[in-house]
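One line per chain: the protein sequences are H and S, in this order.
Each residue of the first sequence is one higher than the one before, counting from 1 in the numbering used here.
Each residue of the second sequence is one higher than the one before, counting from 1001 in the numbering used here.
Treat each hint with caution, since some may be false.
Claimed, not checked - Cβ pair distances, simulated, as ranges:
| # | chain 1 | residue 1 | chain 2 | residue 2 | range |
| --- | --- | --- | --- | --- | --- |
| 1 | S | A1264 | H | G114 | 20 to 30 Å |
| 2 | S | E1355 | H | P270 | 45 to 55 Å |
| 3 | H | S325 | S | A1166 | 30 to 40 Å |
| 4 | H | E355 | S | A1166 | 34 to 44 Å |
| 5 | H | A166 | S | P1247 | 42 to 52 Å |
| 6 | S | N1362 | H | P372 | 45 to 55 Å |
| 7 | H | E355 | S | E1271 | 47 to 57 Å |
| 8 | S | E1271 | H | D161 | 47 to 57 Å |
| 9 | H | T283 | S | W1399 | 38 to 48 Å |
What the hints contain is simulated information worked out from the structure, not anything from laboratory work.
All residues carry an ideal CB built from backbone N, CA and C; glycine is no exception.
Number of protein chains: 2
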Amino acid sequence: MHAETGKAQEQPGAVRSGVDRRALIAGGGAVLAAGVGAGVVALGRGRPAASSPPPPSAPAVAFHGERQAGVTALQQPATLLLALDLAPAATSDGRAALRSLLGELTRVLADAAGGAAADPRLRGGEPAQLSSLVGVGPGLAARLGLNVPPALADLPAFPGDRLDPARGGGDLVVQLCAADRWPLTVVAELLAAAARSAGGTVRWTQPGFLPRTPAGTTPRNLFGYKDGTANPDATEAKQWVWGPPGPYEHGTVLVYRRIRMDTAAFAALPEDRRDLAMGRRLTDGAPLTGTAEHDDPDIYAKNPDGSYVIPNTAHVRLSSPRLDSGARMLRRGYSYDDAPDDRGLLFCAFVRDPEQFTRVQNRLAAKDALNPFLVHTASAVAYVLPGAREGGVLGEGLWA
Amino acid sequence: MHAETGKAQEQPGAVRSGVDRRALIAGGGAVLAAGVGAGVVALGRGRPAASSPPPPSAPAVAFHGERQAGVTALQQPATLLLALDLAPAATSDGRAALRSLLGELTRVLADAAGGAAADPRLRGGEPAQLSSLVGVGPGLAARLGLNVPPALADLPAFPGDRLDPARGGGDLVVQLCAADRWPLTVVAELLAAAARSAGGTVRWTQPGFLPRTPAGTTPRNLFGYKDGTANPDATEAKQWVWGPPGPYEHGTVLVYRRIRMDTAAFAALPEDRRDLAMGRRLTDGAPLTGTAEHDDPDIYAKNPDGSYVIPNTAHVRLSSPRLDSGARMLRRGYSYDDAPDDRGLLFCAFVRDPEQFTRVQNRLAAKDALNPFLVHTASAVAYVLPGAREGGVLGEGLWA
């Protein structure tokens, strides 16, 4: 079983090969730490010595590669997003501080991913199985004159937004993912210490989680619907997710939205009303015009009375790539639950150009049938740096 | 492997038999959902059909039994605590409302634990692996004249307490535990809906987590130290954790403290200073007077200069059962991470009499070397009801 678990991990860059669409969006839990069965057996036998060797462990997610593993690895069930702000400084000092900080972040993340972390809290249990990404916010890029994609910009305001600036934005955005919550907190603390040493601060943190579903299946969100079905395949990703050939080819842009969902009110609707609002069926995720989850939604199909089968205000219609020259976002969202009245979705999408999100969100904000149940409470955009090669440091292309 | 995983689960009541101490306190992750390997293989084969059957699953934690599984099951890596408040009402109406609510809570928890939940968010993935406990707060017990242990009472104020009432107390306290965060949020939402239907509200929720460690080993807390080493064995638990023979025999009392830890400041101390503050070694959890984790700390051992090996202010000395006629608490704490400056420990201990905690906490509050790094920010006490038998309802003994 251990070898099989190892195969579940996409290597950074894997999306360039001909992998199946579902391989890019596989459900949470695929990179599950193995070896727990061994510990269980030990219990059955009585008193395991406190110094007994740890059980055989699942392989780590490779940190180094052309692209950062936080975008390319199979989606894991636990996430922690955090944003760091750097101290205001003259441009040259700011660039030096950022360069030094990126070196530290690279070291911390590579050590944690590789099981080499010195922190005792990351030892003696299951390996951290960490995957991560580091991105640069548009504000920092402008302040320090960094070499980032020209399209990198904060999102415009959308109707209905109720954004809390303390929960969004940031000079650097980091997403940590793992099989479990525990290592995320420990690694975040190490990153925060690195930021403080560089005169920076933690602007916000946000934990999230997914249901543990079989690899290759689409996880559900807190409305109960499958979320992420229409993700790009490798060819589409090359056009819509990753940068064009050149300095940004292995980078992408993260669009993050913290979306509060009124799950109780939505659940109170009859199921057919919910399906019409979504444009998909709760039961199996199939579009209302299809019979299986991955059937392409036919937004032009009509009922005998002339109305659309997928209604004008259905979420699936308004976010359809057919309305956008085929543009697709790589969505890797997570659910969150910060309080009984503050649960929802951490929308995380990777795009070449944040305009791809803006076009969709303008349509959704205008007439999405889900709007009565949604409030966008935070927003961030960041240029997700290309990966670091072995011995290299994240952000080497920023200074050109 | 599935059968082995099943064996990892203690049945409610197991502590009455001669199980090893470590079987009561086994580390997080023992009840890990199995079957993920199957999904992984599916990915390797290409496109798994969206309707493919879920992988073989780990057995559920039994809900029914003499004692509630939230106390007796192996400790799982994810927890969500929540407190419910009932609407003010005349005594007879209040008793009727509580009785009805306990019936609903029993139904929701039993269905979720048994995999019978109708909610689509609990289906199609790994089984919830839910274990739970429901407890009654002293305020509610007094208000409705409930039949609870006479010792049930709120804790006194301790020096240094900075309690937020909105994060503590409550008419009912529920602890949900599972292999994963996801089902906890869904089940909490179902419980909240049940409470609202009964005119109640959710007073607070608090998520927590543990590192995934091999079963039978002690998990570390965010200071990096093993936490829960000195838990009672089955004989000790009968005296100090569970009620005396009679109506409360299969009940216990939960003492909950939310303790913020300044992990960065503590980590900045040299390791030997940290070990002296704790009275145990960071590396292996052995007491300073011993060589292995489960060696009994010798609080009377002295250095050649006459000072104690385990210092006067060491946490282990001040919480030693030797200072308390051998009284032991069953500790099943979790770490939490709500914000960069709000991380720490959810201290959860099960005792026959909350005085057991009060005596220890009075000593700790007076001179624990850890105090500069700790703030108690919330507190709750609840009578953990005996378990529900098959077809029965939690709280049947409250009305006598």
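Results of checking the hints against the structure:
{"no.": "1", "hint": "S:A1264 <-> H:G114: 20 to 30 Å", "result": "holds (24 Å)"}
{"no.": "2", "hint": "S:E1355 <-> H:P270: 45 to 55 Å", "result": "holds (53 Å)"}
{"no.": "3", "hint": "H:S325 <-> S:A1166: 30 to 40 Å", "result": "violated (50 Å)"}
{"no.": "4", "hint": "H:E355 <-> S:A1166: 34 to 44 Å", "result": "holds (42 Å)"}
{"no.": "5", "hint": "H:A166 <-> S:P1247: 42 to 52 Å", "result": "holds (50 Å)"}
{"no.": "6", "hint": "S:N1362 <-> H:P372: 45 to 55 Å", "result": "holds (52 Å)"}
{"no.": "7", "hint": "H:E355 <-> S:E1271: 47 to 57 Å", "result": "holds (52 Å)"}
{"no.": "8", "hint": "S:E1271 <-> H:D161: 47 to 57 Å", "result": "holds (48 Å)"}
{"no.": "9", "hint": "H:T283 <-> S:W1399: 38 to 48 Å", "result": "holds (42 Å)"}
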